[in-house]
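Protein chains in written order, with my numbering: chain A, 1 to 263; chain B, 1 to 320.
A hint or two may mislead.
Calculated pairs, BS3-like style, for lysine-lysine (alpha carbon to alpha carbon, straight line, at most 30 angstroms) [said to hold, decoys possible]:
(1) A:Lys145 - A:Lys117
(2) A:Lys192 - A:Lys236
(3) A:Lys117 - A:Lys74
(4) A:Lys250 - A:Lys237
(5) B:Lys77 - A:Lys74
(6) B:Lys262 - A:Lys68
Everything labelled a hint here was simulated from the structure, so no lab data went into it.
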Amino acid sequence: MLTIENVTKTFFPGTVNERVALSDVSLRLAEGDFVTVIGSNGAGKSTLLNTISGRIPVDTGSIVIDDKPVNRLKDYQRARYMGRVFQDPMAGTAPDLTIEQNLALALRRGQSRGLGKAVTRARRELFRSELVSLELGLENRLKAKVGLLSGGQRQALSLLMASFTQPRILLLDEHTAALDPQRAELVTRLTKEIVEKDRLTTLMVTHNMEQALRVGNRLIMMHEGRIILDIDEDRKKQLTAADLLAEFTKIKGAVVDDRTVLG
Amino acid sequence: MEATLELGLIYGVMALGVYLTFRVLNFPDLTVDGSFTTGAATAAILITNDVPAWLATLAAFAAGAIAGTLTGLLYTKGRIDGLLAGILVMIALWSINLRIMGTSNLSLLRADTLITPLREAGVKGTWVSILIFLVFVVIVKLIIDWFLSTDRGLAIQATGNNEQMIRSLGVNTHGTAILTLALSNGLVAVCGALIAQYQGFADISMGIGLILIGLAAVIVGQAIFAGRGIFMATTGAIAGAVIYWLVIFFALRIGFNPNDMKLISAVLVVAALLLPRWGFLKRIPSMRQILVASRARGAEIPRTEAEAGAPRDSTMTGVK
Numbered sequence: 001m002l003t004i005e006n007v008t009k010t011f012f013p014g015t016v017n018e019r020v021a022l023s024d025v026s027l028r029l030a031e032g033d034f035v036t037v038i039g040s041n042g043a044g045k046s047t048l049l050n051t052i053s054g055r056i057p058v059d060t061g062s063i064v065i066d067d068k069p070v071n072r073l074k075d076y077q078r079a080r081y082m083g084r085v086f087q088d089p090m091a092g093t094a095p096d097l098t099i100e101q102n103l104a105l106a107l108r109r110g111q112s113r114g115l116g117k118a119v120t121r122a123r124r125e126l127f128r129s130e131l132v133s134l135e136l137g138l139e140n141r142l143k144a145k146v147g148l149l150s151g152g153q154r155q156a157l158s159l160l161m162a163s164f165t166q167p168r169i170l171l172l173d174e175h176t177a178a179l180d181p182q183r184a185e186l187v188t189r190l191t192k193e194i195v196e197k198d199r200l201t202t203l204m205v206t207h208n209m210e211q212a213l214r215v216g217n218r219l220i221m222m223h224e225g226r227i228i229l230d231i232d233e234d235r236k237k238q239l240t241a242a243d244l245l246a247e248f249t250k251i252k253g254a255v256v257d258d259r260t261v262l263g
Numbered sequence: 001m002e003a004t005l006e007l008g009l010i011y012g013v014m015a016l017g018v019y020l021t022f023r024v025l026n027f028p029d030l031t032v033d034g035s036f037t038t039g040a041a042t043a044a045i046l047i048t049n050d051v052p053a054w055l056a057t058l059a060a061f062a063a064g065a066i067a068g069t070l071t072g073l074l075y076t077k078g079r080i081d082g083l084l085a086g087i088l089v090m091i092a093l094w095s096i097n098l099r100i101m102g103t104s105n106l107s108l109l110r111a112d113t114l115i116t117p118l119r120e121a122g123v124k125g126t127w128v129s130i131l132i133f134l135v136f137v138v139i140v141k142l143i144i145d146w147f148l149s150t151d152r153g154l155a156i157q158a159t160g161n162n163e164q165m166i167r168s169l170g171v172n173t174h175g176t177a178i179l180t181l182a183l184s185n186g187l188v189a190v191c192g193a194l195i196a197q198y199q200g201f202a203d204i205s206m207g208i209g210l211i212l213i214g215l216a217a218v219i220v221g222q223a224i225f226a227g228r229g230i231f232m233a234t235t236g237a238i239a240g241a242v243i244y245w246l247v248i249f250f251a252l253r254i255g256f257n258p259n260d261m262k263l264i265s266a267v268l269v270v271a272a273l274l275l276p277r278w279g280f281l282k283r284i285p286s287m288r289q290i291l292v293a294s295r296a297r298g299a300e301i302p303r304t305e306a307e308a309g310a311p312r313d314s315t316m317t318g319v320k
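Based on the sequences and whatever the hints tell you, model everything.
This is the structure:
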């Protein structure tokens, strides 16, 4: 499905600001995997997603989707394989366009965009039925500008736009982090429903350990550009946030110890 | 007066082009100062060489589109700031326009132009020709309205609105930006070609300060046609162009010198940008609210009274 092999990325190489964001990262996602990614700030979680989506080119290593190497493809060329929701609720939608126009844009993900009418009656019906699943009443506001929606509504719409064409991979980059707890809960629930309904292969970055344990069938932890923990479904079910935190501190401590010793 | 309306409607074509870049793509494109003259020069040289006027006007569109494409390439592939990219092409076009014309002024007075039939029928400067120009510019407007509502057009709108998002949906935003700049400058060049035929000559300096007329048209139009849809916005751009020329017309009437026109253009743009923020035009929506409120008086009384707290509003209600 998605294979990442020995990917390395260093920002500002050769300067005082040199920072290794990804260090020899390998990861293999099976069809239908829902992987949550946790780790502290600067661990490389977002960089990992950005290298998969093509926004950041890798230094070395390969990224393969469905047996096709995509290293050389630009971000907009890879978009046909993947839907993406950003952390910023403003980032995933066009504020001056209407809800139906935004959905029409998402409907043509990765396909050629010709001179056919963007919002046809048939498409409008499709959008309406898709919006119903969000349970936010947006199906009655198809002609409202997206800029008028609240952050939570926009993020729910972004999620729908990223997923309803059933891309091969769904990338979620801390997409609930900027929302208040209630809205975050709503978007988390919608994420779970949407991913389970279509069995989408999903990679979800989160800061919230409890959320990382609650959703998905696999969990990876990153630290300083490496994957330091990879937990499968059975083990994940037994873990608590406290276990995870303890694990995290232990590994982090070990890394620091190594450094201290080597230094 | 009739001639002013004709002029305003022809310039409406250019206003539509400026609308595409300035509002839809969110790109302040200064290429138009050059591409306007490029269109005039291309059409003029072809017409004086006995090419049919409609073909010459189409060629002007192509020439303008090439100029726009150059600006687009500098902006996207060259990663040059949009303003600077436009200025560079605009300056370069000055030399190219001179090369096209071979001289700095080319007369079309005895040539067969698109305007010749109007002149021969004796309708130039009458309501008949105003109607013809109106139909023409409305057709152009409707084509743009339609184009922006297609899948491709919507991708262009999204490029100007949220580039990151539309890239993540698989659109090459370099392509959409270049396409928009080409279309926009093509329209501006067609306008230049029509103006050259209308006034009977092409001149190397006819495009100077043109961007201001375009901005004035788009901004004034937007201030009046407050509705935010594409349909209203393109209508506003045309109306804005007509209003611009009416302002110029009346400015000349009350004794301003033609040399003052650039200054008046600049002042008009500044006024259209600042006045809505300073309150004069801000009152228009509140006036509308009051009208609505007073129509549905029974149910709306508490709200109207609350609004009447402001002295301005109470006067309005008093008038009513």
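Exercise for the section: Find the hints from earlier in the document that the structure breaks and name them by number, from lowest to highest. Expected result: Going through the list in order, the structure violates hint 6 alone and respects the others.
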